[in-house]
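Student: Sequence:
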Amino acid sequence: MQLKVTGVVVREMNLGESDRIVTILTKERGVVRAFARGSKRLGSRLFAATQPFCLSDFVLYHSKDKYILNEAQLATSFFKLRQDIERLSLAQYFCEVVSLIAPQEEEAEEWLRLTLNALHILQAGDKPACLIKAAFELRAALLAGYCPDLEGCAGCGAAEGPFYFYALEGRLLCERCGAGASGIVPLSPGVLAAMRHIVSCPAEKLFSFTLSPAALQLLGDVTERYLLVQTERHFKTLDFYHAVAAPAAQLQAEQP
Numbered sequence: 002m003q004l005k006v007t008g009v010v011v012r013e014m015n016l017g018e019s020d021r022i023v024t025i026l027t028k029e030r031g032v033v034r035a036f037a038r039g040s041k042r043l044g045s046r047l048f049a050a051t052q053p054f055c056l057s058d059f060v061l062y063h064s065k066d067k068y069i070l071n072e073a074q075l076a077t078s079f080f081k082l083r084q085d086i087e088r089l090s091l092a093q094y095f096c097e098v099v100s101l102i103a104p105q106e107e108e109a110e111e112w113l114r115l116t117l118n119a120l121h122i123l124q125a126g127d128k129p130a131c132l133i134k135a136a137f138e139l140r141a142a143l144l145a146g147y148c149p150d151l152e153g154c155a156g157c158g159a160a161e162g163p164f165y166f167y168a169l170e171g172r173l174l175c176e177r178c179g180a181g182a183s184g185i186v187p188l189s190p191g192v193l194a195a196m197r198h199i200v201s202c203p204a205e206k207l208f209s210f211t212l213s214p215a216a217l218q219l220l221g222d223v224t225e226r227y228l229l230v231q232t233e234r235h236f237k238t239l240d241f242y243h244a245v246a247a248p249a250a251q252l253q254a255e256q257p
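Position one of the sequence shown corresponds to residue 2 (this note's numbering), numbered consecutively onward.
Bear in mind the hints are in silico, worked out from the structure with no lab data behind them. Nothing here was measured: the structure is a model prediction, and the numbers come from that model. Be aware that a few hints might be false.
Unchecked claim - Pairs of lysine-lysine residues, derived as DSS-like cross-links and limited to a Cα-Cα distance of at most 30 angstroms, are as follows:
no. : residue 1 : residue 2
1   : Lys81     : Lys128
2   : Lys41     : Lys65
3   : Lys206    : Lys81
4   : Lys28     : Lys67
5   : Lys41     : Lys81
6   : Lys41     : Lys237
7   : Lys5      : Lys65
8   : Lys5      : Lys67
9   : Lys28     : Lys5
10  : Lys128    : Lys206
11  : Lys5      : Lys81
12  : Lys41     : Lys28
13  : Lys206    : Lys67
14  : Lys65     : Lys28
15  : Lys206    : Lys65
16  : Lys28     : Lys81
17  : Lys81     : Lys237
What the hints assert, rightly or not - Quick list of the computed label-pair ranges, beta carbon to beta carbon:
no. : residue 1 : residue 2 : range
18  : Asp127    : Arg197    : 18 to 28 angstroms
19  : Val186    : Pro129    : 19 to 29 angstroms
20  : Ala244    : Leu169    : 19 to 29 angstroms
Ideal Cβ positions, reconstructed from N, Cα and C, are used throughout, including at glycine.
Sequences are here, hints too, so could you generate the full structure?
Tutor: Given below as structure tokens:
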């Protein structure tokens with residue numbers, strides 16, 4: 002059966018000298034893995050459209066549980082991401098998250114929209130990388146079915162803070178209910194407001210908020226821990242991102 006799909010390449014695996022397996026997040030079928038014969042060759046008609054981060058239109062042949070890539074037409078490459086190692090590593094992290102927790106064999110339009118918006122904002126360079134990372138992580142957790150309860154204290158129902166966030170259960174606790182509890186993180190009003198924005202706003206407004214550098218750091222710590230705890234996964238690209246982001250942050254802090 003022949004299928005026409007639109008998607009972004011989130012992973013590639015080399016096979017021999019000229020072939021690859023490409024993992025594609027598609028609007029129509031979620032995450033699919035397709036054999037791309039000869040796609041490593043520079044002269045291949047599949048070469049440009051099957052690079053990581055490329056948004057393309059694909060023609061796939063589907064037989065049982067196998068996909069074979071027959072045609073590909075490049076739409077957007079996000080090539081400028083390769084010019085900044087920190088943003089490139091973050092894009093790789095986004096793609097690994099998607100490849101592992103986005104749905105397979107079912108519609109995934111919201112996942113594709115999230116990924117493309119994140120890559121677009123990341124490439125534009127107008128927003129701090131840590132803000133984009135935090136928004137992506139919490140929204141990805143939401144799409145995967147892990148929606149945190151951010152309305153009020155899960156213990157007593159208090160609507161007014163200060164609050165703590167319990168990542169293991171994805172809920173808020175007030176000072177009284179959280180007293181003595183382990184694994185909870187205090188949230189500032191700004192960080193809590195940002196989290197509520199991320200889980201409830203329209204897709205086009207996802208990255209439209211601002212926080213101080215200190216609050217962004219806290220937000221990123223919370224969203225990262227929540228995604229890791231809820232998915233019970235370890236992402237190798239996240240380790241690489243932290244390895245390259247830490248020196249960059251230190252250098253920026255040392256500048257007058």
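Student: Go through the numbered hints given earlier and state which of them the structure violates, listing their numbers in rising order.
Tutor: Numbers 13 and 15 - these are the hints that the structure violates, sorted from lowest upward.
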